[in-house]
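Chemist: Letter by letter, the chains look like this.
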Amino acid sequence: MASKKQRKKLGSEHLMRIIDLCESVEERGLDPFLVEVDDVLAVVREYFPDWELPEELCLDAEAVHKLASVIKLQSDWIKRRSTSLYTDPFLLEEKIRKLGGEKLGTMFLRCWHPIVELEQISSHSLAEAIKYWQELLPLRERWLDFPTQERAIGATTREELIGQRILVGKAFSEDLHVLWEELKHRVDEEGKIRYWEFVEADTYAETIKRAFITSFLVTYGYANLEVHRLEEEMYLKPFDEPVPFLEKRQVTSLPVSISFDEWKKLREANQG
Amino acid sequence: MKRKAYYTRKVKQATHLLFYKHHRKPGVKGWELKKQLGSDYPKVLDILDGYLKSLDLQVKTVFDEETPVEKPTRKQLDRARFFITLRGDVAPKEAKMMGWRIDDIAGLAIAISYILAKKGQAPRDEVEDLLRNKLPGWRVDVNMNRYIRSGYLAEGENKKLYLDWRTRAEVDQKTLIDLLLGAEEQ
Amino acid sequence: MDPKNREMIADILVSSVRGTGTQYLAITPSQITFSESDVHIVTVQNIEGTSAVSEVT
Numbered sequence: 490m491a492s493k494k495q496r497k498k499l500g501s502e503h504l505m506r507i508i509d510l511c512e513s514v515e516e517r518g519l520d521p522f523l524v525e526v527d528d529v530l531a532v533v534r535e536y537f538p539d540w541e542l543p544e545e546l547c548l549d550a551e552a553v554h555k556l557a558s559v560i561k562l563q564s565d566w567i568k569r570r571s572t573s574l575y576t577d578p579f580l581l582e583e584k585i586r587k588l589g590g591e592k593l594g595t596m597f598l599r600c601w602h603p604i605v606e607l608e609q610i611s612s613h614s615l616a617e618a619i620k621y622w623q624e625l626l627p628l629r630e631r632w633l634d635f636p637t638q639e640r641a642i643g644a645t646t647r648e649e650l651i652g653q654r655i656l657v658g659k660a661f662s663e664d665l666h667v668l669w670e671e672l673k674h675r676v677d678e679e680g681k682i683r684y685w686e687f688v689e690a691d692t693y694a695e696t697i698k699r700a701f702i703t704s705f706l707v708t709y710g711y712a713n714l715e716v717h718r719l720e721e722e723m724y725l726k727p728f729d730e731p732v733p734f735l736e737k738r739q740v741t742s743l744p745v746s747i748s749f750d751e752w753k754k755l756r757e758a759n760q761g
Numbered sequence: 368m369k370r371k372a373y374y375t376r377k378v379k380q381a382t383h384l385l386f387y388k389h390h391r392k393p394g395v396k397g398w399e400l401k402k403q404l405g406s407d408y409p410k411v412l413d414i415l416d417g418y419l420k421s422l423d424l425q426v427k428t429v430f431d432e433e434t435p436v437e438k439p440t441r442k443q444l445d446r447a448r449f450f451i452t453l454r455g456d457v458a459p460k461e462a463k464m465m466g467w468r469i470d471d472i473a474g475l476a477i478a479i480s481y482i483l484a485k486k487g488q489a490p491r492d493e494v495e496d497l498l499r500n501k502l503p504g505w506r507v508d509v510n511m512n513r514y515i516r517s518g519y520l521a522e523g524e525n526k527k528l529y530l531d532w533r534t535r536a537e538v539d540q541k542t543l544i545d546l547l548l549g550a551e552e553q
Numbered sequence: 014m015d016p017k018n019r020e021m022i023a024d025i026l027v028s029s030v031r032g033t034g035t036q037y038l039a040i041t042p043s044q045i046t047f048s049e050s051d052v053h054i055v056t057v058q059n060i061e062g063t064s065a066v067s068e069v070t
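So the protein lines, in turn, are chains Z, A and F.
Every position in the first sequence, counted from 1, becomes a number in the numbering used here once 489 is added.
Every position in the second sequence, counted from 1, becomes a number in the numbering used here once 367 is added.
Every position in the third sequence, counted from 1, becomes a number in the numbering used here once 13 is added.
Next comes chain Z alone, as it looks inside the complex (with noise of 0.2 Å):
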């Protein structure tokens, strides 16, 4: 008796067969009722129950979706069939190259009915074309060269730009950082704090700042932040190492909304 893991080499050996077979049929045009489903339906029945990872999953996933491809082929090739308009294509291929030029084009005419289609220029777009090259502005204007100066090259300071905000002084990941590590070191014994005691600063200006980073914090996965409905609550729940983002099971996007009366409000009730 082979072995699970023989088994398993022979089964995606089966599967990597079946996908180049029908993926023949589609890609060259082949007949599709080549591919005899039933049997391949019954090979990969046999071997699902042997697959475990994902990347065997998804190439069981593949092979079925191959099928599909050919079953949908075979069923237009049935519905071709069943039209008026089908004729042996062997015998039709002969026929067209004996045919002489001359003969195929006068048969052709026989039942060829082309389509009606005028074009007439009315004075209302006459008015709009003249009305259009009245305003149009000669080439010599339009086409003008771009009006090029040489400049002196000034010069500056990292200080001077960064005082213009034109640099950044600080990466922003090192707010970040900062911004974590303030997170981890105020949270609770349930290792949490809520949202709003965290971002809360003096100055409107320097609460909106927290919230901002707060919200990369828990988008790139150095937080959480959990949302009690019921409550009207929202608490942060800081990460020891950053959850990488695709790992995450659901992302959903939370709109917080940080009014100056909001703020000030909160300001009040924790001061009282």
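Hints are computed from structural coordinates only; laboratory data are not their basis.
Here a beta-carbon is modelled for each residue, glycine too, at the ideal position from N, C-alpha and C.
Accuracy of the hints is not assured; some may be wrong.
Sample of chain Z residues with no beta-carbon within 12 Å of chain A, all distances over it, derived [to be verified]: (1) Ala-616; (2) Ile-642; (3) Ser-662; (4) Glu-715.
With a Cα cut of at most 25 Å, we get these calculated DSS-like pairs of lysine-lysine [claimed, not checked]: (5) Lys-442(A) <-> Lys-568(Z); (6) Lys-527(A) <-> Lys-486(A); (7) Lys-410(A) <-> Lys-379(A); (8) Lys-17(F) <-> Lys-726(Z); (9) Lys-438(A) <-> Lys-420(A); (10) Lys-526(A) <-> Lys-561(Z); (11) Lys-485(A) <-> Lys-527(A); (12) Lys-401(A) <-> Lys-438(A); (13) Lys-587(Z) <-> Lys-501(A); (14) Lys-541(A) <-> Lys-592(Z); (15) Lys-486(A) <-> Lys-526(A); (16) Lys-620(Z) <-> Lys-388(A); (17) Lys-541(A) <-> Lys-568(Z); (18) Lys-17(F) <-> Lys-698(Z); (19) Lys-486(A) <-> Lys-587(Z); (20) Lys-485(A) <-> Lys-587(Z); (21) Lys-541(A) <-> Lys-485(A); (22) Lys-438(A) <-> Lys-568(Z); (23) Lys-420(A) <-> Lys-396(A); (24) Lys-568(Z) <-> Lys-485(A); (25) Lys-592(Z) <-> Lys-485(A).
Chains A and F: place on chain Z using the hints.
Modeler: Below, chains A and F without anything else, positioned relative to chain Z:
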């Protein structure tokens, strides 16, 4: 009299819409006719078709579906495209006046017939090889591009040729196949 | 791009070119995040319709 005047006015409107090119492609969509002529536009088109008979013209309907529809629903009609085409045949002299040489038409006939024989799609190379048998290479290139630009043929993925909207509107495919099968070889 | 992604892309650009002996020209209208000193920064600002060019020394 009122009813007659109503339909006379509608038929005139339909003539303006169908005879003249308003878009990149000729013809008018069903929903456009419905908007301009009203929901009884199929009746207006039937009346117009009656008038056109004596002029050897007809109103032709081309549906979205590739195969002709026997009893179309209103939805299918609204999505279909309507054209005015010649009802009868084109004499070879008349074809020349339309700007078609006989070998251009023959090339088109071969391309369409071959694609029909290959169940609706054929590799472009194969069609060109067939044409190069009897036409100079440069003519084959020019004509193939003309057939595709005009809308007789379409080129899809993997350089495969299909029959396009103009073939479905202008060419009676069943008659073509019958003529081909019944023809005596040279 | 958000600031984190912008920073990541800037780092990738610099690290992929470093040591290859080639130069890479990046033009951006937004805030720049290149923190390395071996990145040559030139700014062009529109001041009352005139371009003012400055180079970081």
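Chemist: Which of the listed hints are broken here?
Modeler: The structure breaks none of the hints.
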